[in-house]
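In case you want the letters, here they are:
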Amino acid sequence: MRLGRVELWTGRLFLIALMAFTILPFVSIFTTALHPSHTMPNGLEWPKEPQWGNFIEAFKVANMTKLLVSSTFIVLAVVPISLVISTMAGFAIGLLKIPGSRFLLLLFVFGLTLPLGGIIVPIYHLERALGIYNTRLAIVLPLIGLYMPFAVFWMRAHFVNMPSEISEAALVDGATTWDLFWNIHLPLARAPITSLGTLLSVWTWNQFLLALVLVEDPSQRTMAGALGAFQGHYATDIPLLCAGTILVLLPTLIIFVIFQRHIIEALIQGAVKG
Amino acid sequence: MTLGNDNILTATAVSRRGLLGGRLRRASIIGWLFTLPALGMYAAFVLIPLLLSIYYSFFKWDGIGPMTWVGLRNYVTVFKVPDLLGTIYNAFRLVLWFSLIPVGLGLVVASVIHRVAPGRFGALVRTVVFLPQVIPLVAAGIIWGWLLALPGLVNQILRSIGLGAITRAWLGDFDWALPAVGMIGVWVLLGFCTVLLLTGISKIDPALYEAARIDGASWFQEFIHVTVPLLKQEIGVCLTVTVINALAAFDIVYVATGGGPGNSTAVPGIQIYILAFTEQRIGLASALAVMLMLLVFIVILPIQRLTRETA
Chain P
1 MRLGRVELWT GRLFLIALMA FTILPFVSIF TTALHPSHTM PNGLEWPKEP QWGNFIEAFK
61 VANMTKLLVS STFIVLAVVP ISLVISTMAG FAIGLLKIPG SRFLLLLFVF GLTLPLGGII
121 VPIYHLERAL GIYNTRLAIV LPLIGLYMPF AVFWMRAHFV NMPSEISEAA LVDGATTWDL
181 FWNIHLPLAR APITSLGTLL SVWTWNQFLL ALVLVEDPSQ RTMAGALGAF QGHYATDIPL
241 LCAGTILVLL PTLIIFVIFQ RHIIEALIQG AVKG
Chain C
275 MTLGNDNILT ATAVSRRGLL GGRLRRASII GWLFTLPALG MYAAFVLIPL LLSIYYSFFK
335 WDGIGPMTWV GLRNYVTVFK VPDLLGTIYN AFRLVLWFSL IPVGLGLVVA SVIHRVAPGR
395 FGALVRTVVF LPQVIPLVAA GIIWGWLLAL PGLVNQILRS IGLGAITRAW LGDFDWALPA
455 VGMIGVWVLL GFCTVLLLTG ISKIDPALYE AARIDGASWF QEFIHVTVPL LKQEIGVCLT
515 VTVINALAAF DIVYVATGGG PGNSTAVPGI QIYILAFTEQ RIGLASALAV MLMLLVFIVI
575 LPIQRLTRET A
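Taken in sequence, the protein lines are chains P and C.
Quick note: the first sequence uses my numbering, first residue 1, plus one each step.
Quick note: the second sequence uses my numbering, first residue 275, plus one each step.
Incorrect hints may appear among the rest.
Stated by the list, open to error - Part of the chain C face toward chain P, derived, beta carbon under 10 Å:
#1 Leu421
#2 Ile435
#3 Val469
To be verified - So the derived list for chain P, only partly shown, Cβ under 7 Å to chain C, looks like this:
#4 Gly4
#5 Leu15
#6 Thr113
#7 Pro142
#8 Val152
#9 Ala175
#10 Val202
#11 Leu250
#12 Thr252
Don't read these hints as lab results, they were simulated from the structure.
On a predicted model such as this, the values are computed, not experimentally measured, just so you know.
Each residue gets a CB set at the ideal place from its N, CA and C atoms; glycine is no exception.
With the sequences and hints as input, model every part of the structure.
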């Protein structure tokens, strides 16, 4: 069944307009970032002499090397631990179907509805009491806890769909529960773990509120947390602010383009199964 | 002979099940140990803080000195002080922008992609509209802070189409700041809704669309009679996720307006932050936090009920 020409082109034009709405903001900060420091250009205006040096300047004044180390450290601490412990829990709830697994699942799902703003104040006082306030651990530990509802839920959805024959055959052969998990099911779960890991990395990089409240020194924060502080300092220098923003968001866009399938799958399937 | 063989097979199957029953029971004890690390982290940094929030809300506390029991007085204060209750009103106004518009527009976009661009062009649109979903919300706030500024792109476009009279600093305007913040939400969340709904459409039996088209159904008829009713569950998921985003909004508002001008864009998240970390009124901040969490729950439950039952 072929569609009318008018309809086809109206539809296409609508989609092109939509893409323009999505992309123009990126183009605008890009052209703005190329204008001389401390000038106030128009929203969309190619500069006479593009100041590519603004990116280097933003890299320097934002202390970007230190920030990259800090953010990478936080991601490397949060993501692997989250993946391991949520996969173990998802395995126990979805595949072993331990007694009480329905209750456990509900308990984790309940966490999906909690806004971080609702628990940030006690997290702050808890960390003061534990003596980890103002260290990178102050971001790492709560993030792992906050990711558990989504991560356990996502991994459980994978394990609950695994055919039971695989596990039965292994158990008949005398495998222990740990063997079953480590040697058989972990390799089979590589795809959902990759998707989850990609998503958690981006979320960690982008985490703002925890960094803002729990770590005073911007150079020990996540990238997004540091960008917040950068905005505070350079709010009046629009080109430099735009350059800094691009530096912070570029890695997320690159990761998205490379792992697009994984990120979309994890976000969309994760939500639908929820 | 065949019969005998069958019997032997059945017998083996039964004994196997018995054997596994015992093993699986032992496995279940070890299974609980498997959940402990995840449960422990979740309890320590989510469940215990949740209980502490409720506990703090009954006290007057500056965060350092002694705590004074005040019963429900903090909750009464939230209801009595217009600036505090106003944050909840603002949260509901944001639901329109962060939730209803992205879901509604997402439905339209997804169905248009499905109808006129099922191939590579559609895949490109899908990728592009999803981009804002992966960047930090702080970056989205900064980008739009510049776009909506006086010399920014939005006013530049308005001037170029002859609407120079209505240009303004959108985020600094008492009447326009909240819709302007809302636009940022539309930009960020539209891609998520579009892609989720598009995945849903791809699961609808193509025969239904073929039948509709053979009957000469227009895009609109197809949209109302096939797409929307059959996407009930996906629409529910979209609404749930975006409503949580709206009521729990913090990053975008903090960066774009900080709650201003005046209190015109102050949402609960911002107010909790100010009360707890600049005014040191922990009890009052916690009362508002508990109300925010209850609010999310109360709004989400009916959405889940309505869209899940028939699915």
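For each hint, the structure was consulted:
no. : hint   : in the structure
1   : Leu421 : 6 Å, holds
2   : Ile435 : 14 Å, violated
3   : Val469 : 6 Å, holds
4   : Gly4   : 9 Å, violated
5   : Leu15  : 5 Å, holds
6   : Thr113 : 6 Å, holds
7   : Pro142 : 4 Å, holds
8   : Val152 : 6 Å, holds
9   : Ala175 : 9 Å, violated
10  : Val202 : 6 Å, holds
11  : Leu250 : 9 Å, violated
12  : Thr252 : 5 Å, holds
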